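2 protein chains.
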Amino acid sequence: MTKTQRGLNLFLRFLAFGATIAAVVVMVTSHDSTKVLNLTFTAKYNNEPVFKYFVIAEAVASGYSLIILLFTRSKNSLWRLVLILDVVIAMLLSSSVSAALAIAHVGKKGNDHVGWLPICGQVPKFCDHVTGSLIAGFVAAIIYLLLTCSSFYYVPNLFP
Amino acid sequence: MTKTQRGLNLFLRFLAFGATIAAVVVMVTSHDSTKVLNLTFTAKYNNEPVFKYFVIAEAVASGYSLIILLFTRSKNSLWRLVLILDVVIAMLLSSSVSAALAIAHVGKKGNDHVGWLPICGQVPKFCDHVTGSLIAGFVAAIIYLLLTCSSFYYVPNLFP
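As they're listed, the protein sequences go chains A and B.
With the UniProt record's numbering, the residue at position 21 of the first sequence is 21, and numbering never jumps.
With the UniProt record's numbering, the residue at position 61 of the second sequence is 61, and numbering never jumps.
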C-alpha cells in the first residue's frame with residue numbers, strides 16, 4: 001500500500017466514524033409528541049426494537065472505526081483480521097439501515113392491507129430525525145463497501 | 001487455491017444457491033386468509049413492499065450464485081471482480097433479511113406505542129412461510145460471509 005492509498009483508507013475510516021456517530025446522535029435525540037383526543041402520544045426511538053438495534057449497530061461500527069484509526073500501523077500483521085472485520089461491519093451497517101428503513105417506511109406510508117396507520121403526520125420532527133439518521137447510516141455502509149473493495153484493489157495476485 | 005479449497009468454495013456457492021431459491025419459493029407461495037366481521041382479509045407477500053424487495057434480492061443472489069457455479073474456472077482473471085461482487089451480494093442479503101425481519105417482527109408482536117396490531121394470530125400459515133423464508137435467507141447471508149472470509153484466508157501476503 002502506498003502512502004496515498006493509506007491516507008485515503010484512513011480518510012474513509014474517519015468519514016465512516018463521523019457518519020456512524022452522527023447516525024447514533026441524531027437517532028437518540030429523536031423525540032416528538034402530539035395530542036390525540038386529549039391523550040399525549042410521544043414518539044421515541046426506543047419504543048421500537050428495530051431503532052434500538054440500529055443505534056447499537058451504528059455505535060459498534062463507530063467504536064470499531066475509532067479503534068482502527070487509533071491503533072492501525074502501516075505494517076500490521078492483523079491486516080487480514082481487519083479486512084474480515086470490515087466485511088462484517090459492512091454487513092452489520094447494511095442490515096441495521098435496511099431494518100430501520102423498513103419500519104420508517106411503514107411509519108411514513110402505513111400499510112392499508114393490515115391496518116397499520118402512518119404516524120409521520122402526527123410526529124413530523126421525530127420522522128425528520130429518523131430520516132437524517134438513516135441517511136448517515138447509509139453513507140457509513142457505502143464507505144465500508146468502498147473500504148472493502150479498495151482492499152481487493154490492493155491485492156496484486158490473489159489467486160496465483 | 002488448492003483443489004480442496006476450490007471444491008469447498010463451489011460447495012458453499014451451491015448451498016447459497018439452494019438457500020436463496022428456497023427463500024424465494026417459500027416467500028412467493030406464502031398466502032393465508034381469514035374472516036374478520038364477515039370481511040375476508042388475505043395476507044400475501046406482495047402486500048408489503050419490503051417482502052417484494054426481499055424476493056428480488058434473494059432472486060438476484062440466486063442468479064449470481066448460479067452464474068458463478070456455471071462459468072467459474074480455476075484460473076479466471078475475473079476473480080477480483082467475483083470477490084467484490086461476493087461482498088455486494090453479502091450486503092444485499094443481510095439488508096433484505098433484516099428489512100423483512102423488521103416487518104415480520106411487527107407482524108408477530110405488533111407495536112403498542114403506535115397502534116400497529118399483530119396479524120400472525122389471524123394468518124398463522126402466512127407467518128410460518130415468512131419465518132421459513134427468512135431462515136433460508138439468513139443461511140444464505142452467512143454462507144456469503146464465509147465465502148468472503150475464506151477469500152481473505154487464501155491471500156498469502158495482502159500487504160507486503
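It cannot be assumed that every hint is accurate.
Note: identical chains are not told apart, hence a pair may lie in one copy or across any two.
[Stated by the list, open to error] Here are the simulated PhoX-like cross-link-like pairs (lysine-lysine), alpha carbons at most 25 Å apart as the crow flies: (1) K109 with K44; (2) K3 with K125; (3) K108 with K52; (4) K108 with K44; (5) K35 with K125; (6) K3 with K35.
Because the hints were derived from the structure by calculation, they are not lab data.
Computed from a predicted model, the values in this text were never measured in an experiment.
A quick look at each hint next to the structure:
no.: 1; hint: K109 with K44; in the structure: both (18 Å within a copy, 18 Å between copies)
no.: 2; hint: K3 with K125; in the structure: neither (44 Å within a copy, 58 Å between copies)
no.: 3; hint: K108 with K52; in the structure: both (18 Å within a copy, 18 Å between copies)
no.: 4; hint: K108 with K44; in the structure: both (15 Å within a copy, 21 Å between copies)
no.: 5; hint: K35 with K125; in the structure: within (14 Å within a copy, 38 Å between copies)
no.: 6; hint: K3 with K35; in the structure: neither (58 Å within a copy, 67 Å between copies)
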